[in-house]
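Residue numbers (the working numbering), protein chains in the order written: chain A, 2 to 503; chain P, 7 to 160.
Honestly, the hints are just simulated from the structure, not real lab data.
As the structure is a prediction and not an experimental result, all values here were calculated from the model.
Don't be surprised by glycine CBs; every beta carbon is placed ideally from N, CA and C.
Please note that the accuracy of each hint is not assured.
What the hints assert, rightly or not - Partial selection, computed: residues in chain P whose CB lies under 8 Å from chain A:
(1) Pro29
(2) Gly65
(3) Val94
(4) Val156
Unchecked claim - With a straight-line cut-off of 25 Å between C-alpha atoms, the simulated SDA-like cross-links for lysine to any residue are:
(5) A:Lys291 - P:Lys74
(6) P:Lys74 - A:Arg273
(7) A:Lys336 - P:Lys74
(8) A:Lys432 - P:Ala61
(9) A:Lys84 - P:Gly151
(10) A:Lys279 - P:Glu62
(11) A:Lys128 - A:Ile158
(12) P:Lys74 - A:Val427
What the hints assert, rightly or not - Here are a few chain A residues that sit away from chain P, every Cβ distance over 12 Å (derived from the structure):
(13) Arg26
(14) Glu56
(15) Phe318
(16) Ala457
For reference, the chains in residue letters:
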Amino acid sequence: MLTVWVPGDAFARAVGADAVAEAVRREAAARGVDVRVIRNGSRGMVWLEPLVEIEADGRRTGFGPITPAEVPALLDAPVTHPKAIGPVEEHPWFASQTRLTFARVGLTDPLDLAAYEAHGGLKGWRKAQSMSPAEVVAEVTESGLRGRGGAGFPTGIKWNTVLNAPGPQKYIVCNADEGDSGTFADRMLMEGDPFCLIEGMAIAGHAVGASMGYCYIRSEYPDAIRVMRAAVDIARAGGLLGAHFDMEIRVGAGAYVCGEETSLLNSLEGRRGVVRAKPPLPAIEGLFGKPTVVNNVISLASVPIIMAKGGAFYRDFGIGRSRGTMPLQIAGNVKYPGLYECAFGLTLGQIVDEIGGGTASGRPVKAVQVGGPLGAYFPRELFDTPFGYEEFGAKEGLIGHAGIVVFDDTADMLGMARFAMEFCAVESCGKCTPCRIGATRGVETLDRIAAGDPSALPLLTDLCETMRLGSLCALGGFTPYPVMSALTHFPDEFGLRREAAE
Amino acid sequence: MTETEIRARVAEAIAAQAGREGPLLPMLHAIQEAVGHVPDEAVPMLADAMQTTTAEIHGVISFYHDFKRAPQGRHRLRLCRAESCQAVGAAALHDEVRERIGLDWGETTPDGRLTLEAVYCLGLCACGPAAMLDDRPLGRVDAEGLAAAVAEVR
Numbered sequence: 002m003l004t005v006w007v008p009g010d011a012f013a014r015a016v017g018a019d020a021v022a023e024a025v026r027r028e029a030a031a032r033g034v035d036v037r038v039i040r041n042g043s044r045g046m047v048w049l050e051p052l053v054e055i056e057a058d059g060r061r062t063g064f065g066p067i068t069p070a071e072v073p074a075l076l077d078a079p080v081t082h083p084k085a086i087g088p089v090e091e092h093p094w095f096a097s098q099t100r101l102t103f104a105r106v107g108l109t110d111p112l113d114l115a116a117y118e119a120h121g122g123l124k125g126w127r128k129a130q131s132m133s134p135a136e137v138v139a140e141v142t143e144s145g146l147r148g149r150g151g152a153g154f155p156t157g158i159k160w161n162t163v164l165n166a167p168g169p170q171k172y173i174v175c176n177a178d179e180g181d182s183g184t185f186a187d188r189m190l191m192e193g194d195p196f197c198l199i200e201g202m203a204i205a206g207h208a209v210g211a212s213m214g215y216c217y218i219r220s221e222y223p224d225a226i227r228v229m230r231a232a233v234d235i236a237r238a239g240g241l242l243g244a245h246f247d248m249e250i251r252v253g254a255g256a257y258v259c260g261e262e263t264s265l266l267n268s269l270e271g272r273r274g275v276v277r278a279k280p281p282l283p284a285i286e287g288l289f290g291k292p293t294v295v296n297n298v299i300s301l302a303s304v305p306i307i308m309a310k311g312g313a314f315y316r317d318f319g320i321g322r323s324r325g326t327m328p329l330q331i332a333g334n335v336k337y338p339g340l341y342e343c344a345f346g347l348t349l350g351q352i353v354d355e356i357g358g359g360t361a362s363g364r365p366v367k368a369v370q371v372g373g374p375l376g377a378y379f380p381r382e383l384f385d386t387p388f389g390y391e392e393f394g395a396k397e398g399l400i401g402h403a404g405i406v407v408f409d410d411t412a413d414m415l416g417m418a419r420f421a422m423e424f425c426a427v428e429s430c431g432k433c434t435p436c437r438i439g440a441t442r443g444v445e446t447l448d449r450i451a452a453g454d455p456s457a458l459p460l461l462t463d464l465c466e467t468m469r470l471g472s473l474c475a476l477g478g479f480t481p482y483p484v485m486s487a488l489t490h491f492p493d494e495f496g497l498r499r500e501a502a503e
Numbered sequence: 007m008t009e010t011e012i013r014a015r016v017a018e019a020i021a022a023q024a025g026r027e028g029p030l031l032p033m034l035h036a037i038q039e040a041v042g043h044v045p046d047e048a049v050p051m052l053a054d055a056m057q058t059t060t061a062e063i064h065g066v067i068s069f070y071h072d073f074k075r076a077p078q079g080r081h082r083l084r085l086c087r088a089e090s091c092q093a094v095g096a097a098a099l100h101d102e103v104r105e106r107i108g109l110d111w112g113e114t115t116p117d118g119r120l121t122l123e124a125v126y127c128l129g130l131c132a133c134g135p136a137a138m139l140d141d142r143p144l145g146r147v148d149a150e151g152l153a154a155a156v157a158e159v160r
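For reference, chain A alone in the conformation it holds in the complex (with noise of 0.2 Å):
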């Protein structure tokens, strides 16, 4: 029998894979050929999906882009298929990767949590339950692990304050309102390995003593949510879920801000998403005001392997104080793009021009976006900045959820600039002046500006001064990165000479 691994990720599906599929099914049928269709997840290297696998004799290789009409010839020869890329693990884009939260997303059948278990999954939850709940905190805390949403927070140290705050009831909160521009990896866990995700919730519970987990996602992922939910069910019959630890799907309903922890609170409680001030902390004060762990997919489902293979195995990639490995989202106008998930510490320009092979375009390089649409424009002379919290924060940027968009020269920095502000008016949850009053106040200004009046230039600048300073969470607060970087990178497109405005 021959197994065809087609992926059945929104990537591949959204380029055709269900055709794909379907035209194996059917010229297999029509040669009589016994043919299993797996459909997988994607292994990342998106600019060849659909990216079909082979596996015969115990060996898979890939093929792709594939299109249905490219079918037949793929079955009837695929040894000589000019498409044919060999073992996706010999691949260079993918060989030089270090796969450790990633590693099952594109190997396994997402559902088949017999498959998850014979590719090294449970051991984390098992080696977890045979551990005292502070143990397990110890083991997190040791790994170096920090909120890979964005925020960088110390998973460990959030974990302590939820064990140690008092109360019967608890809530594991799993924060899949992934809305940055150029950010796909949660979407990607959650439809390829769902059971990862699953487990690193129902460790997370050990860990802090609480039995039941919500993950919101967002409703703009229907395949993930299917996937989900698909999950949860098979989890619950095979008993990582139960009455010691229970899980529910929530869908979120196309509110970016929900994406920020604490109105993602007030979404699950049934409120308008607004921001809730802090104190107090979520790890107090969170869902329906009980002691909550929010965390990201990537970080829940990194604890998992941090759990089976130690703290320490864990703690020994990466830079400085960014330990560990980060799925880098390489999207926008670059030749190679998808998700490569490598440990900190790769420079911009090694991300950009070597593992993103420069421009989709053929054109320059002007600048790359890095950690969504509250992200800084870096432009080519900071290429040299280090992967990592500390060391993009340097740089007046963010690496928040590790989403990386690449622009050639033909991008319109004063346009983005703007869109920036018209964004974070149209998504301001409205609680915080400076973010609801000054996001609409940034539109005016900058179209002052584009229309050639120099006085709005200094405005423009107290303005992301008072939204950095004054708003309420990163929305409002982190606008101006985009905004500032923009124009202290490329002052020319603002009417100004470079000198004037550094």
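With chain A held as given, fit chain P onto it using these hints.
For chain P alone, kept in the frame of chain A given last:
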């Protein structure tokens, strides 16, 4: 759909979610799924179920982009306007698509077949420009491909 039918569907949607913690968003999603939008009749029914005021319910509904107070097209085309898609020419593409299908953002065709919506990221950033037709993801799209996909749905 008659008013009685609407009320019955809303009541059923509310009852199905009532056992959950913080059930309001699941209820609203269920109502929208059953009716196509959140009808006026649903607001006092939700207030009753949640033991709160109609003003509170209205406040929640109006906060979220997803919840619609009026009937929408039978199909929904969402085009991503976020930065990553802009980097691969989404703005020019969207001008062309809007021209071709004759809809601006938020508008519905006169026959009620299609509603056009802007969306800020579909998580398809490595195969942009991206779109979603109902729940079907579409990547590396051009105006022709989108028009063809739209023509397929009735």
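Against the structure, the hints come out as follows:
{"no.": "1", "hint": "Pro29", "in the structure": "6 Å, holds"}
{"no.": "2", "hint": "Gly65", "in the structure": "6 Å, holds"}
{"no.": "3", "hint": "Val94", "in the structure": "5 Å, holds"}
{"no.": "4", "hint": "Val156", "in the structure": "16 Å, violated"}
{"no.": "5", "hint": "A:Lys291 - P:Lys74", "in the structure": "32 Å, violated"}
{"no.": "6", "hint": "P:Lys74 - A:Arg273", "in the structure": "15 Å, holds"}
{"no.": "7", "hint": "A:Lys336 - P:Lys74", "in the structure": "39 Å, violated"}
{"no.": "8", "hint": "A:Lys432 - P:Ala61", "in the structure": "18 Å, holds"}
{"no.": "9", "hint": "A:Lys84 - P:Gly151", "in the structure": "24 Å, holds"}
{"no.": "10", "hint": "A:Lys279 - P:Glu62", "in the structure": "23 Å, holds"}
{"no.": "11", "hint": "A:Lys128 - A:Ile158", "in the structure": "20 Å, holds"}
{"no.": "12", "hint": "P:Lys74 - A:Val427", "in the structure": "17 Å, holds"}
{"no.": "13", "hint": "Arg26", "in the structure": "19 Å, holds"}
{"no.": "14", "hint": "Glu56", "in the structure": "25 Å, holds"}
{"no.": "15", "hint": "Phe318", "in the structure": "24 Å, holds"}
{"no.": "16", "hint": "Ala457", "in the structure": "23 Å, holds"}
The structure fails hints 4, 5 and 7 (numbered hints given earlier, in ascending order).
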